[in-house]
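Q: Since each chain sits alone in its own frame, please combine them into the complex, following the hints.
Which chain is which? The protein sequence lines are G and H, in order.
Residues 1 to 373 (the UniProt record's numbering) are what the first sequence spells out, left to right.
Residues 1 to 157 (the UniProt record's numbering) are what the second sequence spells out, left to right.
Please keep in mind that the hints were generated in silico from the structure rather than gathered at the bench.
Predicted, not measured: the structure shown is a model, and the values here were computed from it.
The C-beta atom is built at its ideal place from N, Cα and C for all residues, glycine as well.
Some clues are possibly wrong.
[Said to hold, decoys possible] Okay, derived cross-link-like pairs now, DSS-like style, lysine-lysine, Cα gap no bigger than 27 Å in a straight line:
#1 K151(G) - K97(H)
#2 K112(H) - K309(G)
#3 K68(H) - K34(H)
#4 K68(H) - K38(G)
#5 K132(G) - K68(H)
#6 K45(G) - K309(G)
#7 K151(G) - K132(G)
[Said to hold, decoys possible] If you only want the chain H side, here are some residues facing chain G, beta carbon under 8 Å, derived:
#8 K20
#9 F22
#10 R25
#11 K49
#12 C78
#13 Y85
#14 I87
#15 T93
#16 M129
This is what each chain is made of:
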Amino acid sequence: MKNCEYQQIDPKALATPSPAPTPSRPCLEKKPKRLKRKWEVFPGKNRFYCDGRIIVARQSGVLPLTLGLILVTSGLFFIFDCPFLVQHLTSCIPVIGGVLFVFVVISLLQTSFTDPGILPRATPEEAADIEKQIDNPINSSSSYRPPPRTKEVVINEQVVKLKYCFTCKIFRPPRTSHCSLCDNCVERFDHHCPWVGNCVGKRNYRFFYMFIVSLSFHTAFIFGCVTTHLALRSQGGNGLVFALQQSPASALELVVCFFSVWSILGLSGFHTYLVAANLTTNEDIKGSWSGKSGNEESGNPFSYNNIFKNCCSVLCGPMPPSLIDRRGFVPTEDEVRAIPAEMELPSIKTDINMVGRGPTSGHAPPPFLPPNP
Amino acid sequence: MFVQTHCHSPPLQSASLANKVFIQRDYSEGTVCKFHTKLPSELDSRIEKTLFEDTVKTLNNYYAEAEKIGGHAYLEGCLACITAYLIFLCMETRYEKVLKKISRYIQEQNEKIYAPRGLLITDPIERGMRVIEISIYEDRSSSGSSTSSSTTSSSGR
Chain G
1 MKNCEYQQID PKALATPSPA PTPSRPCLEK KPKRLKRKWE VFPGKNRFYC DGRIIVARQS
61 GVLPLTLGLI LVTSGLFFIF DCPFLVQHLT SCIPVIGGVL FVFVVISLLQ TSFTDPGILP
121 RATPEEAADI EKQIDNPINS SSSYRPPPRT KEVVINEQVV KLKYCFTCKI FRPPRTSHCS
181 LCDNCVERFD HHCPWVGNCV GKRNYRFFYM FIVSLSFHTA FIFGCVTTHL ALRSQGGNGL
241 VFALQQSPAS ALELVVCFFS VWSILGLSGF HTYLVAANLT TNEDIKGSWS GKSGNEESGN
301 PFSYNNIFKN CCSVLCGPMP PSLIDRRGFV PTEDEVRAIP AEMELPSIKT DINMVGRGPT
361 SGHAPPPFLP PNP
Chain H
1 MFVQTHCHSP PLQSASLANK VFIQRDYSEG TVCKFHTKLP SELDSRIEKT LFEDTVKTLN
61 NYYAEAEKIG GHAYLEGCLA CITAYLIFLC METRYEKVLK KISRYIQEQN EKIYAPRGLL
121 ITDPIERGMR VIEISIYEDR SSSGSSTSSS TTSSSGR
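Bound conformation, chain H alone (with noise of 0.2 Å):
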């Protein structure tokens, strides 16, 4: 990618919040949760579109399989009637032992492809399931080099 590093910017902390994307809901198939897979403009330069596609479809598919209406849910829901749905104050239901397998998603999928890039993925569920909340951070010395000319870095210790 790009050869030329500043050595002296100091490293990790040095990154700043440039931006915020936001994914929205693709209602199409009704009200179950599903995001839009495109690739929003912003993040062009950050990232191949095939990985963020990959990441929102997988997590399309944790939703699906948390709101299916099978076998499961049935048994679930008959057995929850039949107890006067106290049931729900003892047990973890379905959809949260799913949801929790998409927050350790999102943590590896942070910590593999989108912090080495500079970006971050915040949970969903954090946002109500409104959005897709996709933070971009700018690296401090690019910045400052964004800005003014070259100069800085021809210049770089």
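Okay, chain G solo, but in the shape it has when bound (with noise of 0.2 Å):
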């Protein structure tokens, strides 16, 4: 029991620097040391454009590839088969094709840039409290790498183990994963797609799959379309060649689409059948709701047993915030010393946790900076 009154600690009066300046630094080597944003300084295998607003992983796969492919198939069809059909059908075609074709492109644009729902590493203060949680009697080498460590959680009368993460230093929520070519944690964790050189993941599953839904609306379209141009153009005993000689563009949109509907609609329906039962392909790969190791009992504890809600939670649930803050500041060393130099803690302490000098600890943030988006 501490025999002294606690006196009432303004939280501003915390966060504020030591004002006097220490006299062994003198004033001429301080040079103002420009902020660093988070993004900067963020551990993760990912690349940031516009000064942290946009966010892609640091392998690109091919997202150019898939880029260029719908700009080219599309440029073409409004260059070489638009005018030939509004002639003689109808000029609602080319504004539906437009309508696809924009609402292709800014999802598949959104689907890359935008955080999956990366969650940001553990504080070595938040690393150093698990460790402690987590029995460990045997402590035999600093080789020997104990066994991986789970958590089980009960939801929805369901078992659910929680693996704890090496690398970000957490035990990862449900549905969470390490994506190791972003090397991150990433909620609700669908794949990590190539095609769009990103993961696709709790806050970017929506754009992904209204992409995927509206390329195969667009393919579709478009092949629909080119179908009918060249069977116009053969007509009259024409036939296919000449209409093909006369429209070459044609011929390559067709195999382009051709080749794509099918993969599309393909991928279309199965992430409509993971919407609708409230699944990741992660875990559906994995088999992790599906019956394994004779526990027949399990389902999926997060499906709301309902298709609608399911689509409804999936797709039009609200839109969770980016974790990770990427245009914040990262707190400087002046701010990190909070407790001034002569106020050293004495060296006996029994349970106290000695603060870490990390970069992003180390010091009482102040509870009302309203944060990043």
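A: Spelled out as structure tokens, the structure:
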């Protein structure tokens, strides 16, 4: 029991650094350091553009190819097929094509450039706190890596195992997985898509779904229109070869659309099933909920058992914020040392955690700073 | 509470960070944001159990409100879908509005309840919604007397 009276601590006073400059540092050497934004010190394998507004995976994969194929095919369609079809059929065709094209490109860019739901890594104090809680009686040699740590939680009367992530130093929330390509834990991890050059997770799944659905409509629409175009041209005894000679671009569009429409339609159908069952690709492939190892009673504990409700919660649910705060500023060393030099803590302390001096820890951030979205 | 005060102790800036306690997430209801309401043992002597539980329960309610799937969320989702999600660039989502309410609430709680007891709550959004970090501050003069005998208190000016 402490025999003193606690004095009210003003949160504002705690946050301000010591105003008196230390005598050991001459003023001439002090240069105003440029404040770094958090994206510049982000530990995962991501790239940032526009001062942290845009995030992509380090390997952009085949995103340029995807974009190129869409732009080229659509461009050829608008330039070579639309004039003929407008003349012979209806002028709605370029309008519908335009709307679909806009949807495809916007949803593709949003899927690629949005934070999929990356979980920031634990601060050193948090990691130390978790380490304390985990019992590790066998501590023989430094090279011995303890077995994977798991924690069990009961969700909806079902036991779910939470795994410990050694990279991020956290117990992964349910449905979270660590992407080795991006080196991040992603919430509601679906898969890492090389076509969009990013992970697909909680925050950008709806963009991804809209992308593949609109792309399947778009490719099917172009395929149908090009077929109609060639059919109209080859009427009157002219033949298909004549039609292709008149409009060679249509041949290229036909080939691209023919090969992509099956795969894209298949993918859309698969993801529609996942949305209706409130599953992720990761869970479906691993068979997390589908009666593995003789556990017949296991079902998906996150499903609402109602297709409509599942669809609404996945696609129309609230948009969670980005947790990594890429455009926030990294606290400087001056702010970290909130304890003035003369107030050294006594060396004998029984149960006090020594505060880490990492750039993102070591001081109590003022709680009234609004988070950056 | 305690009568003896150290008249010579400097005010306010004498507090130093002693420890940090982390309230973990409670996943028993799935992936919704919810924190355990159990008072950690390190805070037993610092704050009343009911006050602490009230704070955490209110925070849990705020997060539940933000993540609620209901008419308003559907409307927002459908509107966003129709505009190819471009509306998110100009409009603040409901979640963000609730987060602002939460940070105001935490600031108010810190000022009224936690700071007088030498504690400080960090907004979970600054820790990636993983934990509620509670920093425990020790009064400078008390940290000296906790290790030495109580002679300093009796000889205080």
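Q: Any of the earlier hints contradicted here, and which numbers?
A: Violated hints: 1, 2, 4, 5, 6, 11, 14; rest satisfied.
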